[in-house]
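Asker: Following the hints, put chain B in place on chain A, whose structure we already have.
Those protein sequence lines, which keep their order, are chains A and B.
Here the first sequence stands for residues 1 to 79, numbered as in the working numbering.
Here the second sequence stands for residues 1 to 449, numbered as in the working numbering.
If you are wondering where the hints come from, they were derived from the structure by calculation, not from laboratory data.
Because the structure is a prediction, the values reported are computed rather than measured.
Where is the CB? At the ideal position from N, CA and C, for every residue including glycine.
It cannot be assumed that every hint is accurate.
If you anchor each label on the Cβ, the simulated ranges turn out as follows [as the list claims (entries may be wrong)]:
#1 Asp-342/B x Ser-24/A: 42 to 52 angstroms
#2 Arg-434/B x Glu-22/A: 24 to 34 angstroms
#3 Val-108/B x Glu-16/A: 53 to 63 angstroms
#4 Asp-302/B x Glu-31/A: 38 to 48 angstroms
#5 Ser-21/B x Ser-41/A: 19 to 29 angstroms
#6 Ala-19/A x Ile-373/B: 11 to 21 angstroms
#7 Met-15/A x Ser-422/B: 45 to 55 angstroms
#8 Pro-248/B x Ala-64/A: 24 to 34 angstroms
#9 Ser-143/B x Glu-22/A: 55 to 65 angstroms
#10 Arg-434/B x Ala-19/A: 20 to 30 angstroms
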Amino acid sequence: MICTENEGRIVEVLMEIFANKELSAPSLGPETVLEQLNLESLDFAQAVIRMEEMTGKDPFATGAEFQIRLLSDLAALYD
Amino acid sequence: MLSQLILEQAVPANHEAIITSDRSISWSQLREQVHSMLHVEKTLGRRRVGLSCGPTSESYAALAALDKLASDVFLFDARLLMDDRLRLAEKLRLGAVVSPGRNGDAPVLELHELPNEERGSGSSTVTILTSGTTGEPKAATHSWDSLCRPIRRSTKHPAPRWLLTYRPNLYAGLQVMLQCFADRGSLVLPNAEMDPHSVAELMRAAGVQFVSATPSFWRRLLMFSDTCTLQKIPLAQITLGGEVVDQPVLDQLRKIFPRARLVHIYATTELGRCFSVSDGLAGFPVGYLSDVLPDGVRLRVDGGELLVQSPNSMRAYDRCSSGQHGSGDWFHTGDLVHVKGDRVYFAGRESDLINVAGNKVHPIEVERVIRVIPGVSDVRVFGRASSIAGEIVACEILPQPDQDPKVLKDTVIRLCRSQLASYQQPRLIKLVDRLDLSSAGKIVRTKTS
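The shape of chain A in the complex, shown without the other chains (with noise of 0.2 angstroms):
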């Protein structure tokens, strides 16, 4: 299910945002659709940190906006 190194990286950040709200995680992979995760604002924040721990790189830090809608549009971001 998983194609791409920066989607592999994004599983494994929202599976520890998820556990340490002590909730169970949704299945999750490329076509899963980010709004109906029901992540916090501070949640998406906390994700974005993460991921530019990992990768060097923060996508939102140019103020650009982008149409996210599934975990593959935010990995991409990152390639």
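Answerer: Coordinates of chain B only, in the frame set by chain A:
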């Protein structure tokens, strides 16, 4: 004033003035060092002089000599590199920089003269370079009178032994040294690299009776040194200052040292010593806000910030430095407080507030929750820049020995979730081997991006 304390008081000649782990200097030896410094510093009278000030008898001798010569002394941390000292000295338009040291047992002085010297004030002053977190330090000029006014001579403890935990070039370090020498005591100087166990051992061996230190210092000492050694230290008074003092650290100290007087002090470089609290409770009585306190200090709260009028204040920021004194009689401390019942509690520095998507988070409040979690030795909480939320809360935890990192982290996350609002919860948690303290012995809350 320092020169009088060292040169003019009646003290038995062999009585120790300075004690380190490997040598001690008697009062008569310290006086000889002052005389020898007076000789080599004689060209520096009434001039602006930078003194590289480390925890050594030679530094105190050089400082006392410059006092006697009515010089304006600017205290530099002895750990600053020579190039940085000279750069700072040029900026402050000093006439010279002196670095005391020793050759065998003989005190020596390295002297660098500088061009572009500004005129001295003609009276003896001491300028402390504040440990500002950004940019150039501010240069707070005190008279020896304002430095010595908070000193209370003790008759109960003749020739007390004080441990110096603060940097000798900062306000708190000067206070400890002046208090000790005013009481004709002995100043015990730990080596900067000493681990907590060795510090406890030195305190025991030297019979230390008085210690003033930050809560961070005390926590580290309690956590990492042997309780049996600590209980053999004949402490008469424990003083805490420089950071917010919380109840758990006071309770722990009370338990280990039941006979010691427990005092916490509020002081800043600019305002000098403002007040102290000795009832063993965190915060201070709300009555302090309406009373005139010892030395004529007055307090009030404005918009959650503590404002102070203090006769122990500095004279001014040095004219060649960037510091600016706000107008008006009341000094804005930047320390946030809140009143609860009959007590006023500190909530940290305004500049340390973390802005999480528009919500203000006090690092102190988050630290208070984490610090009492079993397995946690100490913690620092700070803001981490976030492109999504502005900032999010991050923390570094110093675990107690033999903790399972995963279990500890999970416990911290769980307890923070049950006790803190979502925006207050640390989103990044790192376990670390050591928490760096600033040169003033305080937790560093510099924001990272």
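Asker: Which earlier hints turn out false for this structure, listed by number in ascending order?
Answerer: Hint check: 4, 5, 7 and 8 fail, others pass.
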